[in-house]
Amino acid sequence: MEKRTGVYICRGCDIGNALDIEKLSEVASTEMKVPVCRVHDALCNAEGVGLIKADIANEGINRAVVAACSPRMFAEAFEFGADVLTDRINLREQVAWSHEPNDEDTQMLAEDQVRMGVARVAAVGPAQADIQKTTKTLMVIGGGVTGLNAAKSAAAAGYAVTLVEKEDRLGGWANRFRSVFPKHPPYTELEVGGCEVLVEAVEADPNITVHKSTTVKKTSGQPGQFLVELVNNAGVSEVNVGAIVLAAGWKPYDATKLSHLGYGVSRDVITNIEMEDMVANSGIRRPSDGKPIASVAFIQCAGSRDEEHLPYCSSVCCRVSLKQVLYVREQHPGAKIYVIYKDIRSPAQYEQFYTHVQAEDNVFFTKGEIEGVTPASDGRVTLAIQDTLLGKHIEINADLVVLATGMVPATRIEEVANPGAAESTEEQMAGDAAESPDKASAESILNLAYRQGRDLPTLKYGFPDSHFICFPYETRRTGIYAAGAVRSPMDISSCVTDAAGAALKSIQAVESVSRGAALHPRAGDLSYPAFLMQKCTQCKRCTEECPFGAIDEDEKGTPRPNVLRCRRCGVCFGACPERIISFENYSVNMVSQMIKAIHVPDEFEEKPRILAFVCENDGIPSIDMAGALRLRYNAMARIIPLRCLGSMNAVWVSDALSSGFDGVLLIGCKSGDDYQCHFVRGSELAASRMGNVREKLKQLALEEERVEIHEVDISDCRRIPKIMNDFLEVIETVGPNPYKGM
Amino acid sequence: MAEFEPIASQDTIVDAIGADMLVVGGGIAGMTAAIETAEIGKRVILVERSPSLGGRVAAMHRYFPKICPPQCGIEINLRRMRANPNVRVLTLAEVESIAGAPGDYEVQVKLKPRFVNHNCTCCGECEAVCEIEREDDYNQGLAKTKAIYLPHLMAYPHRYVVDPAYAGDERMRKCAEACRYGAIELDMPSRMVTARVGAVVWATGWKPYDATKLETLGFGKCANVITNVMMERYASSDGPTAGKIVRLSDGAEIKKIGFVQFAGSRDEHHLPYCSSVCCLASMKQATYVRERYPDAEIHFFYIDVRSPGRMEEFYRKAQADNRFFFHRGKVGKITENADETVVLEAENTLTGAVTSLEVDLAVLAVGMVPNTADEPPPTDVPRDEFGFMVADGAAGIVGAGVTSRPFDVAAAVQDATGAALKAISTGTGG
Chain X
621 MEKRTGVYIC
631 RGCDIGNALD
641 IEKLSEVAST
651 EMKVPVCRVH
661 DALCNAEGVG
671 LIKADIANEG
681 INRAVVAACS
691 PRMFAEAFEF
701 GADVLTDRIN
711 LREQVAWSHE
721 PNDEDTQMLA
731 EDQVRMGVAR
741 VAAVGPAQAD
751 IQKTTKTLMV
761 IGGGVTGLNA
771 AKSAAAAGYA
781 VTLVEKEDRL
791 GGWANRFRSV
801 FPKHPPYTEL
811 EVGGCEVLVE
821 AVEADPNITV
831 HKSTTVKKTS
841 GQPGQFLVEL
851 VNNAGVSEVN
861 VGAIVLAAGW
871 KPYDATKLSH
881 LGYGVSRDVI
891 TNIEMEDMVA
901 NSGIRRPSDG
911 KPIASVAFIQ
921 CAGSRDEEHL
931 PYCSSVCCRV
941 SLKQVLYVRE
951 QHPGAKIYVI
961 YKDIRSPAQY
971 EQFYTHVQAE
981 DNVFFTKGEI
991 EGVTPASDGR
1001 VTLAIQDTLL
1011 GKHIEINADL
1021 VVLATGMVPA
1031 TRIEEVANPG
1041 AAESTEEQMA
1051 GDAAESPDKA
1061 SAESILNLAY
1071 RQGRDLPTLK
1081 YGFPDSHFIC
1091 FPYETRRTGI
1101 YAAGAVRSPM
1111 DISSCVTDAA
1121 GAALKSIQAV
1131 ESVSRGAALH
1141 PRAGDLSYPA
1151 FLMQKCTQCK
1161 RCTEECPFGA
1171 IDEDEKGTPR
1181 PNVLRCRRCG
1191 VCFGACPERI
1201 ISFENYSVNM
1211 VSQMIKAIHV
1221 PDEFEEKPRI
1231 LAFVCENDGI
1241 PSIDMAGALR
1251 LRYNAMARII
1261 PLRCLGSMNA
1271 VWVSDALSSG
1281 FDGVLLIGCK
1291 SGDDYQCHFV
1301 RGSELAASRM
1311 GNVREKLKQL
1321 ALEEERVEIH
1331 EVDISDCRRI
1341 PKIMNDFLEV
1351 IETVGPNPYK
1361 GM
Chain Z
198 MAEFEPIASQ
208 DTIVDAIGAD
218 MLVVGGGIAG
228 MTAAIETAEI
238 GKRVILVERS
248 PSLGGRVAAM
258 HRYFPKICPP
268 QCGIEINLRR
278 MRANPNVRVL
288 TLAEVESIAG
298 APGDYEVQVK
308 LKPRFVNHNC
318 TCCGECEAVC
328 EIEREDDYNQ
338 GLAKTKAIYL
348 PHLMAYPHRY
358 VVDPAYAGDE
368 RMRKCAEACR
378 YGAIELDMPS
388 RMVTARVGAV
398 VWATGWKPYD
408 ATKLETLGFG
418 KCANVITNVM
428 MERYASSDGP
438 TAGKIVRLSD
448 GAEIKKIGFV
458 QFAGSRDEHH
468 LPYCSSVCCL
478 ASMKQATYVR
488 ERYPDAEIHF
498 FYIDVRSPGR
508 MEEFYRKAQA
518 DNRFFFHRGK
528 VGKITENADE
538 TVVLEAENTL
548 TGAVTSLEVD
558 LAVLAVGMVP
568 NTADEPPPTD
578 VPRDEFGFMV
588 ADGAAGIVGA
598 GVTSRPFDVA
608 AAVQDATGAA
618 LKAISTGTGG
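Chains as they are written, first to last, in this note's numbering: chain X, 621 to 1362; chain Z, 198 to 627.
What the hints contain is simulated information worked out from the structure, not anything from laboratory work. Note that the Cβ used here is the ideal one computed from N, Cα and C, for glycine as well. Treat the hints loosely; a few may be bogus.
Straight-line C-alpha distance at most 27 Å; calculated BS3-like pairs for lysine-lysine [claimed, not checked]: (1) X/Lys803 with Z/Lys404; (2) Z/Lys404 with X/Lys1342; (3) X/Lys962 with X/Lys911.
Take a look, some chain Z residues computed to stay more than 12 Å from chain X by CB distance [what the hints assert, rightly or not]: (4) Pro361; (5) Asp366; (6) Arg463; (7) Val474; (8) Pro505; (9) Pro575.
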């Protein structure tokens, strides 16, 4: 269809007071040759919207460029349907509200905004979804309480589920717990453990196919089209699924490493899991001689919150010990019970459970550090404890000692050289692969046939968790969601909630990919990347740098994009030196055209020009808010919003410098350990690519100071003027670009 | 019965709306439940009683453990919401009644007037000429706004609102006249809307425990005693002190600050339960202080430090700060000297001695009281003795976020996502 563009300039909100609107219209119609250009006093109001709609109906306008306020404002008003490509030019927050009104430089800025906007729209097409044949069947890996609940919730919502469990029965750890700590008011009574009812419900559910004694040999494909090879005694089978919930659970910390707490030294020093097993089976007795218990000591944080063992807290062990105190009380009413802790973590209404257990007779809670756990001559176990509430140094003799050990995710690979280190899976894998190539594959649960690795990248300590506080289910592998104790230590009721949450996310995944739409954070985005393979030089940058492992490789290193894994950030095209990757509505060429459209005054006018690439996730909102606060800064910068700073291609810097720009500013989200970047590594990659950019500057005999990168968080709007003005000062000191006007 | 209309025409006056789910409460839990549901293709009505979405999280400066700004996540959620025609947001809206059964509820929602209509462009002209000031609830009453105001920079809907106490005031006419877009309607009436939905998620959040009830802790009497919720506002650049954390009495810099943990929590006389986030929240706020005052002494009075899971690392970082002092003991009494320096008295549980410490500012880490304690859903729902909604597994009205139990942000979002699926299955009779 023929492109027919209409530009609509709003005079409202002081835009009309700050700018020569007539001249602006001329830029659109005469200079940029836009067929329709109209001016209105309040485009967002019904009459303004009506004006645009009338042109769509009567003038054949299919590209509506609204030159008014920020695209983050009134998006609902400027909604013209799928057949019209709507674009926004910011004349309000970025121009009229943040610069001197009726000023030459402000006018030049506004005119360039119009030029960039029209050039952008000319260089793009509307996003057209790549609809492929996909399945909405879900897979759940792990048949414990999390996996069972994920399967059940998804099935209840109408989705078919394949559940895979490596053991020969379903139920996981919950099967072994006779009771669980209370989740219902008044939060004082133990509740029935086990999950037979849940297991029965899942096994009877016609929407759930259960595979027991089965593991995943290989997972390939992409959301909507995962091909999973399952293996069990009967052989190998294949399943097609649309999304995967990884609910592989946990294992207890290896207590053989806790000999300093008496484990392995005395048979009467056991773990909390061994205590559960005793309670569920034989009853609580001394393991060494089978005699009944007159005294028990619980040692909290056994190998947890400890740099030498597990540095983190497993969050449930305090409550488990409180429960086990009541087990002891049930079976040995007169026994003396000691709980030695660092902090008792009984959050929320579990505080009521703690209060209840504290009130029991003959139960002594004391804060203290364990100095030693040794066998006593009378067959009991002696604990030496210091810094207690009862005095500086005490000794307790107990018939039984229970170590409250922590939870290790099933995705954590054992025998790592330094178990306390917070290594990512890639590092762990690389280390292990170097020593014994088979070890990595033996430990992997998903066995992803992905170029970037076999399992979900882990966050810390082996947990494949989300880095985002606001989006706890996100992982770095699209369509695969981690749930339950594998992603973070949690109790059963949190696992149940987590299971439902992950199930919902996986339902979203299959529904979205079936429409060709992207997932978080560009949820609903219908654009998708296209690769001009003929020009690919197999440099492998895109396959390595994609934050989501969306691009696989063949033996020659040719990228094999998996479009349904794509989150549409554009980091791949930022990396590509040959510029072969593009989206219909977002491409290297689009930005190049925007840069070319800007009028750069020649050196004699002494008006420096700065090109600012700004991430639209935190940077653009920050700039918007600076405008909303009417904070002023210089009008020398031309802002180009990017989906992610990681999509910045070095050719733009070359384009900018050869167009005569005096400086380039990059503004993105925070990188580093506590990264904010919504696409994980975008701003980090942009920063590392600055190395190449500096090389380029050297080749052109230009000063390094001409390019700066800044990390801004969204609430930093008050920093924006300083960033802009300080950079201008640097540029003024360095002087005009010698290539200007060439 | 009007068809469900996408948000673009939300100002069309309708008497009734049909949808798959109603979410009550537009804070982080409610927003999450609404968007996550909308993204699987279900229609959702999100009801919020204040003029803007965002709730308490929007008023925070940062959250733990990444110390990142909440506006970042809110921005993404708003973007998802704007892009999704399946969500319809009603603000200044409260649920008056719920009838029916799971799968088919009829909910009466009262829409209070904003006195500003959809023509508002947020140009700010009305605010500039307004002569009336009122207490800023976004800033915990610590600052003022004009009577016609934008709730905050991330407000959604992004539209001004008139404080109803002043809508009838003569002086407001000036504002109406200043508006070039005919957006101010001082005679806007309330409306009732009937929502027909399959499921309801109740996510009405919390309020801080009233610190004036902590009689011995000096709040309201000592000039330099504040609550954790107030501290978030002081630390924020759009707060009452533009982000400066200073002594309230004289604006002096902070050399010593005291964080008084479980103030009124884990206490039979106030809140018997633990609010689970306050230890971490105070350690987070300590980072605000440390950022501004590299040498200030930070004193932390606790009984148990609750930094579960991987949050333990956050605690370790605080412990590594050699001007961060942990005191195991409950602060029993707070008074002030003549120069308004705060005096904290606590019993050290390890030594038994009563210690007294002077600080420039004391922050009471007060707990969270669920709004369902005194404003439950207008229909029978199981709640515990503290007012939290109990998940009893049965179909019906599902609680999400702090409505269920005290949560941090990640846990509230986790809870709301799970609650959404539970509610959807209810609606479809699953």
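Hint-by-hint comparison with the structure:
no., hint, verdict
1, X/Lys803 with Z/Lys404, "holds (23 Å)"
2, Z/Lys404 with X/Lys1342, "violated (37 Å)"
3, X/Lys962 with X/Lys911, "violated (30 Å)"
4, Pro361, "holds (24 Å)"
5, Asp366, "holds (26 Å)"
6, Arg463, "violated (6 Å)"
7, Val474, "violated (8 Å)"
8, Pro505, "violated (4 Å)"
9, Pro575, "holds (21 Å)"
The structure fails to meet hints 2, 3, 6, 7 and 8 from the earlier list, while all remaining hints are met.
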